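There are 2 protein chains.
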Amino acid sequence: MIKYQQIAIEIEKYIEDHALQQGDKLPVLETLMTQFQVSKSTITKSLDMLEKKGVVFQVRGSGIFVRRHKRRGYISLLSNQGFKKDLEDFNITSKVIELEVRKPTQEAAYNLNIELDADVYYVKRVRYINGQTLCLEESFYNKSIITYLNNEIVSESIFHYIREGLGIKVGFSDKYLHVDKLKEEEAKYLGLKKGEPGLYDETIFHLTNGQPFDFSKITYNYEQSQFFIQANSHFL
Amino acid sequence: MIKYQQIAIEIEKYIEDHALQQGDKLPVLETLMTQFQVSKSTITKSLDMLEKKGVVFQVRGSGIFVRRHKRRGYISLLSNQGFKKDLEDFNITSKVIELEVRKPTQEAAYNLNIELDADVYYVKRVRYINGQTLCLEESFYNKSIITYLNNEIVSESIFHYIREGLGIKVGFSDKYLHVDKLKEEEAKYLGLKKGEPGLYDETIFHLTNGQPFDFSKITYNYEQSQFFIQANSHFL
Numbered sequence: 001m002i003k004y005q006q007i008a009i010e011i012e013k014y015i016e017d018h019a020l021q022q023g024d025k026l027p028v029l030e031t032l033m034t035q036f037q038v039s040k041s042t043i044t045k046s047l048d049m050l051e052k053k054g055v056v057f058q059v060r061g062s063g064i065f066v067r068r069h070k071r072r073g074y075i076s077l078l079s080n081q082g083f084k085k086d087l088e089d090f091n092i093t094s095k096v097i098e099l100e101v102r103k104p105t106q107e108a109a110y111n112l113n114i115e116l117d118a119d120v121y122y123v124k125r126v127r128y129i130n131g132q133t134l135c136l137e138e139s140f141y142n143k144s145i146i147t148y149l150n151n152e153i154v155s156e157s158i159f160h161y162i163r164e165g166l167g168i169k170v171g172f173s174d175k176y177l178h179v180d181k182l183k184e185e186e187a188k189y190l191g192l193k194k195g196e197p198g199l200y201d202e203t204i205f206h207l208t209n210g211q212p213f214d215f216s217k218i219t220y221n222y223e224q225s226q227f228f229i230q231a232n233s234h235f236l
Numbered sequence: 001m002i003k004y005q006q007i008a009i010e011i012e013k014y015i016e017d018h019a020l021q022q023g024d025k026l027p028v029l030e031t032l033m034t035q036f037q038v039s040k041s042t043i044t045k046s047l048d049m050l051e052k053k054g055v056v057f058q059v060r061g062s063g064i065f066v067r068r069h070k071r072r073g074y075i076s077l078l079s080n081q082g083f084k085k086d087l088e089d090f091n092i093t094s095k096v097i098e099l100e101v102r103k104p105t106q107e108a109a110y111n112l113n114i115e116l117d118a119d120v121y122y123v124k125r126v127r128y129i130n131g132q133t134l135c136l137e138e139s140f141y142n143k144s145i146i147t148y149l150n151n152e153i154v155s156e157s158i159f160h161y162i163r164e165g166l167g168i169k170v171g172f173s174d175k176y177l178h179v180d181k182l183k184e185e186e187a188k189y190l191g192l193k194k195g196e197p198g199l200y201d202e203t204i205f206h207l208t209n210g211q212p213f214d215f216s217k218i219t220y221n222y223e224q225s226q227f228f229i230q231a232n233s234h235f236l
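In order, the protein sequences belong to chains A and B.
Number 236 marks the last residue of the first sequence (full-length UniProt numbering); no jumps.
Number 236 marks the last residue of the second sequence (full-length UniProt numbering); no jumps.
So that you can see chain A by itself, here it is in the shape it has in the complex:
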């Protein structure tokens, strides 16, 4: 991990440990430089990163302030790290329905930008929150990038394994959402009735070089899921 990322983690931890609230002011740059024994450019990078992440906001000529969304138990739609972290107060478990190497569907091949005869790992899981169904998840991993998966791995956090086990750097993601009525099979897995509401999430995860490696389709149980997005002001 690069220095400024470490410092960013430490500043975020400081905010959490001191239970700082939205609008609370952080120490000035010079104080942070002394406290963390780093250069101005490192501290600036750390703060930029925390701003992008929605942890602080910077007011020109006025300082750096804590940014905190106020509702707990919401899943971040901006995190690329799986939702275990958002829901760390909750017990998240998974039941693996299917795990196999196969050829991609046309949709998966298109979204992963691979040929129809390439190999993918196909993973189908139901995820639970405190014993209630949270979502049904179908994922297609480009096997030439995600070279190995097994049942034990996919029962836990796959992204944790991808980062730590395979040493792969996760880059940007494109997420598409819509709401519809649940089909019979989806409803069955979620313990709901056909025709009840479902939130459908399709996400394509890319490596830092822009290559897609994971196309995931998630159907959320509307009774157990809520979401947040912290948007920044850099949009024209």
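Every clue listed holds true.
For chains that are exact copies, the list does not tell them apart, and a pair is met inside one copy or across any two.
In silico PhoX-like cross-links for lysine-lysine, where the CA-CA straight-line distance does not exceed 25 Å: (1) Lys217 <-> Lys181; (2) Lys13 <-> Lys70; (3) Lys193 <-> Lys95; (4) Lys70 <-> Lys217; (5) Lys40 <-> Lys3.
No lab work stands behind these hints: they were computed from the structure.
Being a predicted model, the structure only gives us computed values, none of them experimental.
With the hints as your guide, set chain B onto chain A.
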């Protein structure tokens, strides 16, 4: 507008005009500096802004590449600019149901961080896409910040007026989403049936100094709406 923002707009326009696709490489920094007649630090700022916005991605040691989501007609959940821009190929209209100065609900007062006896502009609209209902929208504006609204303004883009008419800089926003079954009144406005799916969006918009000025509750017609989010790789 600051120089680097102008350049960012021009680069984005260049990408659109040339119909560049995801993965296409942009010219190197030096070429961009010459082309736009600006310094390296300005170009770097422009590119950082476009990366945050999901228009490009930078690969260390390799260059700057175009990033493009592939689906049209999706509403960005990261834009603070209203969704007219995402849907510019479509005809977006509004019907104003209510517009008045009143006291905030408890919920609105909490989210706007104001007292219960403060004044707010309350706006209730139905928005249409190509003549179909897109969403029902209820907004509470802190009247000490958004000092004036009228029927003509709220029939059009309120955010355009806030930025251009009032000269207010929109900062960050916190958005909360969940899915539920529509209540009778909501269904009626949307032309749907009670109990059909609805996407509920609550957003608090802040000034650049962190003060909330708009608390909006939007209920989307699931048949007419779909959403995208371009997330970056800067999350730990």
